[in-house]
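Trainee: For reference, the chains in residue letters:
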Amino acid sequence: MLGPVPFLVLGVLLAAVLVLVAIRFWSAVRPVPAGAEPPGLTRLRRVAVLARVLGLFAGLATPFLLAGVGRLGLGLALAPTVVAAVLVTAGLVAELLSWRDARGGSAALEVRRVRDYLPRATTGATVAGLVVLVAVGVWTTVVAAPDDLGRPGRSYGYTCRYGSGCDSGSFGPFPGSFYTVPLLVGLVALLVLAGLAVVVAVRRPRDGADSAVRRVDEQVRRSAVSTAVAAVLLAVSGSLTGIGLTAGRGLLVHADVLSGGLRVAGVLITGAGLAGLGLLVWAVAALVVPLVTPAPAAASPVPSAAPER
Amino acid sequence: MTAALRVDPDDPTPPYEQLRRQCVALIGSGALAEGTRLPPIRQLAGDLGVAAGTVARTYRELEQLGLVVSRRGGGTVVRAPAATLAPADRRQQVERALRDAVRAARLLGADDHEITGALHRALQG
Numbered sequence: 001m002l003g004p005v006p007f008l009v010l011g012v013l014l015a016a017v018l019v020l021v022a023i024r025f026w027s028a029v030r031p032v033p034a035g036a037e038p039p040g041l042t043r044l045r046r047v048a049v050l051a052r053v054l055g056l057f058a059g060l061a062t063p064f065l066l067a068g069v070g071r072l073g074l075g076l077a078l079a080p081t082v083v084a085a086v087l088v089t090a091g092l093v094a095e096l097l098s099w100r101d102a103r104g105g106s107a108a109l110e111v112r113r114v115r116d117y118l119p120r121a122t123t124g125a126t127v128a129g130l131v132v133l134v135a136v137g138v139w140t141t142v143v144a145a146p147d148d149l150g151r152p153g154r155s156y157g158y159t160c161r162y163g164s165g166c167d168s169g170s171f172g173p174f175p176g177s178f179y180t181v182p183l184l185v186g187l188v189a190l191l192v193l194a195g196l197a198v199v200v201a202v203r204r205p206r207d208g209a210d211s212a213v214r215r216v217d218e219q220v221r222r223s224a225v226s227t228a229v230a231a232v233l234l235a236v237s238g239s240l241t242g243i244g245l246t247a248g249r250g251l252l253v254h255a256d257v258l259s260g261g262l263r264v265a266g267v268l269i270t271g272a273g274l275a276g277l278g279l280l281v282w283a284v285a286a287l288v289v290p291l292v293t294p295a296p297a298a299a300s301p302v303p304s305a306a307p308e309r
Numbered sequence: 001m002t003a004a005l006r007v008d009p010d011d012p013t014p015p016y017e018q019l020r021r022q023c024v025a026l027i028g029s030g031a032l033a034e035g036t037r038l039p040p041i042r043q044l045a046g047d048l049g050v051a052a053g054t055v056a057r058t059y060r061e062l063e064q065l066g067l068v069v070s071r072r073g074g075g076t077v078v079r080a081p082a083a084t085l086a087p088a089d090r091r092q093q094v095e096r097a098l099r100d101a102v103r104a105a106r107l108l109g110a111d112d113h114e115i116t117g118a119l120h121r122a123l124q125g
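Protein sequences, first through last, are from chains B and D. Mapped onto my numbering, the consecutive letters of the first sequence carry residue numbers 1 to 309. Mapped onto my numbering, the consecutive letters of the second sequence carry residue numbers 1 to 125.
Incorrect hints may have been included.
As the list claims (entries may be wrong) - Non-contacting residues of chain D with respect to chain B, defined by C-beta distances greater than 10 Å in every case (computed):
id, residue
1, 16
2, 52
3, 57
4, 94
5, 107
6, 108
7, 109
8, 112
9, 116
10, 124
To be verified - Computed footprint of chain D on chain B, listed as stretches where at least three residues anywhere in the stretch have a Cβ under 8 Å from a Cβ of chain D:
id, segment
11, 105 to 119
12, 205 to 213
To be verified - Cβ-Cβ distance ranges computed for the label pairs, FRET-style:
id, chain 1, residue 1, chain 2, residue 2, range
13, B, 99, D, 99, 37 to 47 Å
14, D, 52, B, 278, 40 to 50 Å
15, B, 278, D, 8, 46 to 56 Å
16, B, 199, D, 74, 13 to 23 Å
17, D, 74, B, 192, 25 to 35 Å
18, D, 116, B, 199, 49 to 59 Å
19, D, 42, B, 259, 57 to 67 Å
20, B, 285, D, 96, 54 to 64 Å
21, B, 288, D, 64, 47 to 57 Å
22, B, 116, D, 72, 17 to 27 Å
23, D, 63, B, 100, 26 to 36 Å
24, B, 116, D, 63, 18 to 28 Å
25, D, 52, B, 150, 55 to 65 Å
The set of hints was computed from the structure by calculation and includes no laboratory data. Every residue, glycine too, gets a C-beta built ideally from N, C-alpha and C.
Please construct the entire structure, taking both the sequences and the accompanying hints into account.
Mentor: Written out as structure tokens, the structure reads:
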């Protein structure tokens, strides 16, 4: 029943290895120029951009790799979650590789909290999308029936409404437990991974007393957190689009023989799927925009009680 | 603007003492106002590259001086300079601070004459 879920783990591990090897290779062939800015800062920026680019490429390839994997479209159903896991893993590896790059012997007396770095709008969209996805997924799981070969949670059986000219019928594929249970497992794993990535990004040390370090590091840190949240939104919205449009389409196609309540459910679920599509566009934009955002300017000086050297 | 701390690896004074001294100066000058929340121990230790125990000792000593208060789940917060200490407690804290300063001066090789001269200059301003 878990089907391609092991591929999620494999995808995450491969992404981690790919990013690690690529960044090590890149650092070796492109030494940091002396004097331009602290070498750790240059490395920090390079690693962040490289990881995001590699993550995006690996993420783009993932659906094609998963399309033929698993039974009856399960690979494709899990593709958004696996893509998101690849993106989050790339960012997490980059943060761990850059752990000491922003540190310089001083520290600002600042309190860095996760909630101060979460992008408000994207986080809100992710939570809202997750709530709708859970609601739709629970309904489709509860109402789904075994298909004609007895595979549980793959079809929808209905009783025709009075006067429609039929007794009963069924249609599929339908996003019942066959798809929603592996999806749930994948999403929970992704949420744990993304939570870890966000905490690591916020807690990574830095010399906040140096204005140049602080400004660049702040952008890298916020981008890392935004990417993790946008990746989760990608998984949630992609899954919602798939479940919503698959279930909604089936209900609307058979609307003439279904009861009024089920016709309404079909409209609502299709609407949820379309909303998921809108959120998917949001997620893609949130992932791509940081890559083209210009570098920040210098910040104001910081008072220190440290003795002069 | 955000206040900052630094650990000088060439200073023979223990890191916790360097940090304590800097925090006392920042609080005394008003750069750290009452109610300002200090960073979590692990965060500050990571930023400075020192052990968490070093920062924990610094916060403990600041709390003993009455300059900060630690609340479980609420972090460590700056208090007003020790106007609320009883005279006996204040005397004890002052003697302790001076003992630490003398110890640090002796580590640098200063004799009694040098230490006394430095103390007079500090009192003058």
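Trainee: Just tell me: holds or violated, for the beta carbon distance of residue 199 of chain B and residue 74 of chain D against 13 to 23 Å?
Mentor: 20 Å, holds
Trainee: Given a hinted range of 18 to 28 Å, is it respected by the beta-carbon distance of residue 116 of chain B and residue 63 of chain D?
Mentor: Cβ of residue 116 of chain B to Cβ of residue 63 of chain D: about 26 Å, so the range 18 to 28 Å holds.
Trainee: If I claimed the Cβ atoms of residue 63 of chain D and residue 100 of chain B lie 26 to 36 Å apart, would that claim hold in this structure?
Mentor: 30 Å, holds
Trainee: Are all beta-carbon distances from residue 94 of chain D to chain B longer than 10 Å?
Mentor: Answer for residue 94 of chain D: holds, closest chain B Cβ roughly 20 Å.
Trainee: Would you say the C-beta atoms of residue 74 of chain D and residue 192 of chain B sit inside 25 to 35 Å of each other?
Mentor: Taking Cβ atoms as reference, residue 74 of chain D and residue 192 of chain B lie about 27 Å apart, which means the hint holds.
Trainee: Using Cβ atoms and 10 Å as the threshold, tell me whether residue 108 of chain D really stays out of contact range of chain B.
Mentor: About 13 Å separates residue 108 of chain D from the closest Cβ of chain B, which puts it past 10 Å; holds.
Trainee: Is residue 57 of chain D truly not at the interface, in the sense that its beta carbon sits beyond 10 Å from all beta carbons of chain B?
Mentor: 16 Å, holds
Trainee: Does the claim that residue 124 of chain D lies outside the interface with chain B hold up, using a Cβ gap greater than 10 Å?
Mentor: 20 Å, holds
Trainee: Just want to verify: residue 52 of chain D was marked as not at the interface with chain B; is every Cβ pair farther apart than 10 Å?
Mentor: 12 Å, holds
Trainee: Going by Cβ atoms, does residue 16 of chain D stay more than 10 Å from chain B at every point?
Mentor: Holds, because the least Cβ-Cβ distance between residue 16 of chain D and chain B comes to about 14 Å, which exceeds 10 Å.
Trainee: For the segment 205 to 213 of chain B, does the count of residues with a C-beta closer than 8 Å to a C-beta of chain D reach 3?
Mentor: Coverage by chain D holds for the segment 205 to 213 of chain B (5 residues, Cβ < 8 Å).
Trainee: Within 37 to 47 Å: is that where the Cβ-Cβ distance between residue 99 of chain B and residue 99 of chain D falls?
Mentor: 39 Å, holds
Consistency note: the structure conflicts with none of the earlier hints.
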